[in-house]
Amino acid sequence: MKSILLKTLFFFFIAFQAQAQELLPFVENYNKSDYQGDNQIWNVVQGNDYAMYFANNHYLLRYDGVIWEKYTLPNKTIIRSILVEGNRIYSGSYKEFGYWYRKEGKMEYVSITKNLRLFDEKDNEEIWKIFRFNGSLYFQSFNDVFIYDGKHVQKIKFPFLISYCFVVDNNLYVASVEKGVYRMNGSKIANPKGWNILKNTVVHAIEKYKGKTYIFTQKKGIFIVEHTGLKPWNNPLNETLKSNGINIAKFIKNNKLVVGTGNKGVFIYDFNTNTFKNIDRNNVLMNNSVLSIGFDKEEDLWLGLDNGIAHVEINSPISFFYDNSGILGSVYSVATTSKGYLIASNHGIFEFDSGNFKMLPNTQGQGWNITKIGNKYIIGHNDGTFCYENGALTKINNVSGGWNLSKSTINDTYFQSTYSGILVYNDLLKLTENTKINDLSKPIKYVAQNKKNEIWAADNYRGLYRVFFDDNFKTKKVENITQQSKIKNDFGVKIFEFRNEILFLINNVWYTFNSISNKLEENELFNTNFKNISDVVAIDEDHFIVLQDGILYHIYSHNNKFVWNIIQEKYYKGKLINENLRIFRSQNHYLMNLDDGFISLQLGYENKQNKGVKVEAYNGKELLPNDGKIKHNTELRINVISGIYGASKPNLFYQINKGNNFIPISNGAIVLNNLSSGSHSIVIFKHDGANYDKVSAFDFRVAQPWYFSFWMILLYLLIIGAVLFFYYKWNKLRYTQKLKLQAEELKHQREILEMELKAENELNIQEYEKHILELDLQTKSSEVAGKSLSIAKQSEMIDNIQHILDSEKDFNKLKSEIKKAIKINEVNKHEWEIFETNLNQIHNEFIISLSKKFPNLTPKDIKLCVYLKMNLSSKEIAPMMNISFRGVELHRYRLRKKLNLSQEDNLSKFLLTV
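First residue of the sequence shown? That's 653 in my numbering, and the numbers climb one at a time after it.
Heads up, a few of these hints could be off.
What the hints assert, rightly or not - Pairs of lysine to aspartate or glutamate, DMTMM-like flavour, derived with a Cα cap of 25 Å: (1) Lys1128 x Glu1153; (2) Lys1222 x Glu760; (3) Lys1028 x Glu1003; (4) Lys1028 x Glu1041; (5) Lys1301 x Glu950; (6) Lys755 x Asp701.
To be clear, the hints were calculated from the coordinates, so they are not data collected in a lab.
With these hints in hand, go ahead and build the complete structure from the sequences.
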C-alpha cells in the first residue's frame, strides 16, 4: 500500500506540468578557470585574424579556438572597451587608450595618450566605448569624447554625465542619464523632438533595423522612433525585458533580435514567427547578467557575462532540448506531435506541450521506442506496448520490452522486437491483435523483411537468425546464419535496410546474404565507403547516420555516391546511449535522443568544412617560423587554427614525417616531444569521414643535442687528442718499464737458475750424505750383529765356566781355567753401551710408532719388541736382557696381553707390521 501511494504521489508530481525549455541553440560556456582571467567581460569583438578578443577588467583576452591568451596594460588598469580596426585592436581603460597588434605570436601595446596630458589629475575617466564616426575614432568616457584622426586627439567635454554614444545612419546620438538623448552635430547637441520620455533613464542601445530605429532602455523597455516621437514596442516580450533590465541589444540576420538582460540571461526574438527563446541559468547559460554581445564570421553570438563567456550557436543547423531538472532522465526515443513532443525515457513516457511536459498515466518505467504510423504513435515499453493517438493513450499488449518496430518492405506488416521474441502486427486497425513468431523465444533487438514468408532477426546479445514461416506466421524453420557463415564474433549484430537491400553490420564489417551459397558475404560498396562503423541508423531512403570512431556523420546517398557531413563531437560527447541510437524524421529535420534530452538537426544540413587553417608553432613561448629550428629534447606545440567555432569547424588530423597513420588533433593542438635530430614535417588533413584532404603543412628542424654541438665536438677532438697524447706518453713509459722489467726478469731468471743449480748440488750432497748414513747404518747394523754375536759368545763362556765348575774338582786348576775362559770371552762395557745406542737409532721409527700405538709399554717391553723384530730367539734374547730363558718366555706372554694378541697371532709377524 505504501509503495502504491508513493508511486501515485510521484506521478502526480510529474503530471503537474513541470516547466521545461524548448529547442535551444548550442551554448559553450567558458569560466574563469578556462581563460584564467577576471569576472566581467565588458566587450567582445572578433579580429581580422578570426580570433575572439575580450575586454576582461585587467586583461585583454584572446581566444583563437585553441588556446587562451591574456595581456595587461603597462599601467595595469581595467580595460572597459575594445574595437577592431584592420590589424589593430583598440582598447580603452582608465585615463588611457591605445591599440594592440600581434607580433611574433604575442600582442604588443602602443599607447595613444602617452605624453599627451589629455586627462586632468582630478579626472576619473574610463573609456567605456570606442566607435568610428566620420572617418575618425571616438573614445567615449562618461564625461568626455576623444576624437582621434590617426595623428591628433581632440577632446570634447560634455556638461552632463553621459552613458553611451550611438551611431545610427550618419547621426551620432549621445545618451545622458538625466537629460535624455541628444543628437550631436559637430560640437553642437540638441534633443530630438518627442524623445523626452528618455529623460532620467539609461539608454543602452540604439539600433536601426528594416527602416525603423529601436531604442533600448535599461528599465523602460524598447521604444520605436516615429515621426511624432517615441512609441513603446508593442510586444509582450517588452514587459519581460522591463522587469529584467536591458544591458545590450543587437539585430542579427534571419530577422532576429538579441537582447542581453541584467538578470534573465539573453532573449532571442524571431520576427518571422513572433516567438522568442530565453537562454539563462535555468537551462544552459552559466550567468544571467549579460554585459556585452559580439559576433563571429559565422554570425553566432558571443556573450560577455558578469562572470564568464558564452558562445551561442544561433545560426547552427543543430538545436537542443535540455532537461536540467533530471525529471526526464535518459531519453531513448522522441517524436514530434501536433502540439510538441512525445518522449520515451528510462523514467517513463512524457508529453511536451507549450513549454511544459507531463508523464502519461501508467507509463512510469523504461520506455524504449516510439514509432509513428499515420496518426498513431506505437510506444515500446518495459511493461508492454502502448498506442498514443489524439492525446489518448491505450495499452495494446503486455509483452515486455518493445525495443523496435519495423515495417516490412513488401507489405504493410509490422514486426516488433521484444525481450521474448518477435510480435507481428498484420492489421493496423486491430493493433491489439498480434501474432508471436514461435521457436524464437529470445531477446530480439532488430527485425527486417524483404522477402515473403521470411524475416531476419538479430539477437540482442549475439547471433543473426533467418526465420521461415507460412502465411499464418507459423514458424517452419530457424537458421543461425552467423554460425552457418562461420562468423565467430557475432556479438551485437545490427540490421540496416538500404534501398530494399538488407545489410548486416557485424564487428565493424558489412555483410549481405548470398542466397546461392546460403551464407553471408562481405559487401564491397559499404566496406569500402564505411570503415570502422560501430552503429548505423536510417533516417529515410537517402539519409542515414553512422557512428565512426565516436564521431557521428550524417550521410546523404546519391546513386552509389555518399556525401559525408560531420556532426561535431562537442554536441553529444558523453551523451550518446550506446546501442540505443534512434532517429525520428519530421518534415525537414530529424530528432536524435541523448542522455539529457535530444538534438534536432536539419535534414538538408551540409557541413562545408573550412579548408583554410593557420598553423602556429611554439617552442616554449617563442613563435617558430616554418622551417624553423628548435633545440633538442624540447617540446613543440603546434596550434592548428581554423577560425571556426561553430558547426562548420573542421575535423582535423595530422601525419608526421609522411607516416601512414592519421592522428586526430585534440582541441586544435599538436604537442610533440622527444623528437630526433634532423628535419621533420607535419601535414594537416581535413577528414569528412570518408576522405582525408590536405589543408596545411609545417616543416621544422630539430637541432643536434648539446653534446653534438660544434664546441662540444671541438672539445671531444681536444679530449681525444689529449687522450692519444697521454696514451703515447704512457705507452712509451710502459715500453721503457717493460724493457726494465725484462732485464730484471732475466736477472731474476739467472738468479733462479743459480738457485736451482745450488739446490740441485745441495740435493746431490744430501743424497751423498744419505748414502753415507745408510753405509753407517749398515756398519752399525753389522756392529749390532757383531755385538749380538759377542754377547752370545759371552753367554756361551758363562755356560763353559759353569760347566768347568761342575766338572773340575781341583780348585787351583779350576781357578786357572775360569780365569782363562773369562779372559778369552771378556765383554767390554763400553761396547755394550754402543750396542744399545746403535740399536735404538736403527729402530727409532719403530720405537716411536710402537710407543704411540701402545703407550702402556715399558722400556723393557719395547726392548723385547725390538729383539723380537730382529727375529732373535728367546735363548738369544735371555743373556741380552740378563734374564733366564723362562723369564723371556714369561715376558713374551705378558707382552702379548698388552698388545691384545690372541693365541693364533704371531708376535714377531705382528711387530713387523707396526
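We went through each hint and held it up to the structure:
1. A threshold of 25 Å between alpha carbons decides the hint, and for Lys1128 with Glu1153 the separation of about 23 Å falls inside it, so the pair holds.
2. Of the supplied pair hints, the one linking Lys1222 and Glu760 is violated, its CA atoms being roughly 33 Å apart against a limit of 25 Å.
3. As the CA atoms of Lys1028 and Glu1003 are separated by approximately 14 Å, the hinted pair is consistent with the 25 Å bound.
4. For the suggested pair Lys1028 and Glu1041, the alpha carbons sit about 5 Å apart, so the restraint of at most 25 Å is met.
5. Our distance criterion of 25 Å between C-alpha atoms is met by Lys1301 and Glu950, whose separation comes to about 10 Å.
6. Of the pairs offered as hints, the one joining Lys755 and Asp701 holds, with about 12 Å between alpha carbons and a cut-off of 25 Å not exceeded.
Hint 2 alone, counting from the list given before, is not met by this structure.
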